[in-house]
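2 protein chains.
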Amino acid sequence: MDLDFIKKLVKTNDSKIVMLVLDGIGGLQIETDGLTELETAKTPYLDKLAKHGVCGLHIPVGAGVTPGSGPGHLGIFGFNPVKYKVGRGVLAAMGTGFALDPGDVAARGNFCTVDKEGKVLDRRAGRISSEKNKELCKLLSEKIHIPGVEVFIQTVKEHRFLIVFRSVGLSGDLNDTDPQEIGKKPLEPKANSPDAEKTVKIVKDFLMQAKKILADQHPANMILTRGYSQKPVWPSFQEVFGIKSAAIAGYPMYRGLAWLLGMDLLECGDKLEAEISSLEKNWDKYDFFFIHIKPTDSSGEDGDFDRKVKVIEEVDKLLPRIIKLEPDVIIVTGDHSTPALLKSHSWHPVPLLIWSRYCRTDNVEKFGERECIKGALGPRLPAVEILPIALANAKRLEKYGA
Amino acid sequence: MDLDFIKKLVKTNDSKIVMLVLDGIGGLQIETDGLTELETAKTPYLDKLAKHGVCGLHIPVGAGVTPGSGPGHLGIFGFNPVKYKVGRGVLAAMGTGFALDPGDVAARGNFCTVDKEGKVLDRRAGRISSEKNKELCKLLSEKIHIPGVEVFIQTVKEHRFLIVFRSVGLSGDLNDTDPQEIGKKPLEPKANSPDAEKTVKIVKDFLMQAKKILADQHPANMILTRGYSQKPVWPSFQEVFGIKSAAIAGYPMYRGLAWLLGMDLLECGDKLEAEISSLEKNWDKYDFFFIHIKPTDSSGEDGDFDRKVKVIEEVDKLLPRIIKLEPDVIIVTGDHSTPALLKSHSWHPVPLLIWSRYCRTDNVEKFGERECIKGALGPRLPAVEILPIALANAKRLEKYGA
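Protein sequence lines, in the order shown, are assigned to chains E and P.
In this text, residue positions in the first sequence follow our numbering: the first is 35, and each later residue adds one.
In this text, residue positions in the second sequence follow our numbering: the first is 35, and each later residue adds one.
Next comes chain E alone, as it looks inside the complex (with noise of 0.2 Å):
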């Protein structure tokens, strides 16, 4: 079911939809026979909807296949993510605020600390401060030129910050210069295709510019990049499922990604608290929010199990302020899962709950992934059934067919 065919049955009414997501809300029992964090967690207000609603888990991509943030995002969005890519530098982009021109190039730097002969000995410069990074931008901004090109570069966070170049017959097909291991060169730019030629040129004559000008602001002496990658051209969230929709999330990434679906990015901050004030303040002007959570996945990537679990906590005690917003749909998942005992995201199904007046209740008592199983959703429903199912509960699909 592809989105043209949604689209077509889309038709509006002045029902709201909330999802609420949990960023790696799945995990794993660290013991045999243990239990998740979301499992171990108690969320009584989790509970009451997952007994009222529907229940089931989610794939995000594929059997097997461990999501990406943006891939994650995409697929709980009804964005088949195997046939809609984005590129890190698009996201680290739209997560700035940059206005990206159709044709830019768009690229994510990391500052890197090189030794003498050039090789990688610490891929994020140590982590330098977002201040000091702020500075080296500043530097490079003002002396790098390359003739009948724009250069944009951006700080983005501690040793991360954004390139774009803006010229005519760019390409973003070539390869990412970090080498991903320390104790090896950054690699030479190379075009995967004859369009990107043009493209490897300047790539190269930046990236010589930019070693000279960093040679003695050690340890942030050198730029490793990656994600070269021009804006796609999709078709709107709102176009699509007809929806006025808001995101509210502090991360860039994930505020590029709802910005490239068209959604309206809501001031937040980075607080849970903030965010559902943001919710309340703002719930009169959509019809769909995205709700975005991290720190879900922050302390799964940490491999802080009791942390996960707190944080999970905190999120259940602030439900009841949605739920009195009487939102016509609530769905609470995750991109995808990052359990403590693997610090990274994994493969495993994420949990997902859907709650409206028009759940037809099955039989999970719980939010956590063993109740999920149980669910009427099933135990691999693909993520991008997700957003159909919702709008239906929203009625706002018509009928198929007479």
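If you're looking for bench data, these hints aren't it; they were derived computationally from the structure.
Please read these numbers as outputs of a predicted model, since none were measured by experiment.
Check the hints yourself; a few may be wrong.
Repeated chains share a single entry, so a pair holds when one copy, or any two copies, can fit it.
Derived BS3-like pairs: lysine-lysine, alpha-carbon spacing no greater than 30 Å straight-line [to be verified]:
hint : residue 1 : residue 2
1    : K41       : K172
2    : K246      : K429
3    : K278      : K232
4    : K45       : K219
5    : K238      : K42
6    : K235      : K218
7    : K172      : K42
8    : K119      : K45
9    : K166      : K82
10   : K41       : K119
11   : K408      : K433
12   : K408      : K377
13   : K235      : K245
14   : K319      : K400
15   : K433      : K153
16   : K117      : K41
17   : K218      : K42
18   : K278      : K235
19   : K117      : K45
20   : K429      : K41
21   : K42       : K224
22   : K235      : K42
23   : K408      : K76
24   : K351      : K41
25   : K429      : K344
26   : K429      : K408
27   : K45       : K218
28   : K305      : K344
29   : K433      : K150
30   : K344      : K82
Starting from the known structure of chain E, fit chain P onto it as the hints suggest.
Using the frame of chain E, we list chain P on its own:
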């Protein structure tokens, strides 16, 4: 999700995967409210793996489809059996170790008994001995001459043999001559496409000569042929999944299929115990072991419920020897169901368990059809998803996207 998608995510490490295939494992209760063969069997070790791993049932080819052994195995090896087709003739060639050249046409032959009018009385010629078979194959090899064509005739077992035609411009696109019923004459070979017309002429000549040569060899006084086919050109198992693979299988068809995918064929014989010894002996040499257990299927085909139960219990007793080798991932499943009640392959979903250190515990306590419905892999997992999930559990797949 196709093989090309998975191939791009594959990385290598030193993990080991064991796939234990109990051919035809899925069964049926004989009486209303009764238990299946697998549910009846006492299987403490399988139950323990099921409890700590993830379970489900898989669909080898598609809803309602009863798979032959070829498609059944291709599915659990991750190759879509609707897309990847292999003829019975090619399988027979592979199983006897015959080195098919590209362009060769192979077919399965059966010695059969015909009456004076040429009508088939026994499609298997009373299952003549393999010795008699060898004698007859020798006779045919010596006497049959077709200008411009090399003909190879090799004993398989009992009444079964292999025929290979080698020439230029051949095609396997013609029908079986086996009428699949007694009381009927063998069918005339006919080309399904113009490409096969030369081959049809050769086959007609071959059958006419064989008829004359065998006329006084009652009960083996004629032959039936099936599965004309050419060696398909496929990516190898190692190429796609990045795993060095070996097959421990006693029967020609399964060895043939494994060889076609580029697996090494290990010596084993057809005793269960000898198969496990072969696994132990070769443990250090491979990343992936396919172990094929035939008698679950043969007992099912014979309608022998109790023998099938016993075979399953024997396999269970051998499991500790596999577990002792400390594989990273263990898969236990079948290529299809063979319920004793039906005395044949069937369309029923096939019990499946995957065990690794990183499985998220589900609600399954024992390995059996009804229990598996409660599993995290769901009651109808497409068979082709088994291998990507196993690779993920072996940490052999990269994250998809940033």
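Cross-check of the supplied hints:
no.	hint	result
1	K41 with K172	neither (45 Å within a copy, 42 Å between copies)
2	K246 with K429	neither (60 Å within a copy, 40 Å between copies)
3	K278 with K232	neither (40 Å within a copy, 41 Å between copies)
4	K45 with K219	between (55 Å within a copy, 22 Å between copies)
5	K238 with K42	between (47 Å within a copy, 27 Å between copies)
6	K235 with K218	within (22 Å within a copy, 64 Å between copies)
7	K172 with K42	neither (48 Å within a copy, 38 Å between copies)
8	K119 with K45	both (27 Å within a copy, 21 Å between copies)
9	K166 with K82	neither (47 Å within a copy, 55 Å between copies)
10	K41 with K119	both (20 Å within a copy, 18 Å between copies)
11	K408 with K433	both (28 Å within a copy, 28 Å between copies)
12	K408 with K377	both (27 Å within a copy, 28 Å between copies)
13	K235 with K245	within (16 Å within a copy, 73 Å between copies)
14	K319 with K400	neither (32 Å within a copy, 46 Å between copies)
15	K433 with K153	between (61 Å within a copy, 26 Å between copies)
16	K117 with K41	both (17 Å within a copy, 17 Å between copies)
17	K218 with K42	between (52 Å within a copy, 23 Å between copies)
18	K278 with K235	neither (42 Å within a copy, 41 Å between copies)
19	K117 with K45	both (25 Å within a copy, 22 Å between copies)
20	K429 with K41	within (14 Å within a copy, 38 Å between copies)
21	K42 with K224	between (42 Å within a copy, 19 Å between copies)
22	K235 with K42	between (45 Å within a copy, 27 Å between copies)
23	K408 with K76	both (20 Å within a copy, 24 Å between copies)
24	K351 with K41	neither (36 Å within a copy, 43 Å between copies)
25	K429 with K344	between (35 Å within a copy, 28 Å between copies)
26	K429 with K408	both (25 Å within a copy, 27 Å between copies)
27	K45 with K218	between (55 Å within a copy, 20 Å between copies)
28	K305 with K344	within (14 Å within a copy, 54 Å between copies)
29	K433 with K150	neither (67 Å within a copy, 33 Å between copies)
30	K344 with K82	within (19 Å within a copy, 32 Å between copies)
Figure legend: structure checked against the earlier numbered hints; hints not met, in rising order: 1, 2, 3, 7, 9, 14, 18, 24, 29.
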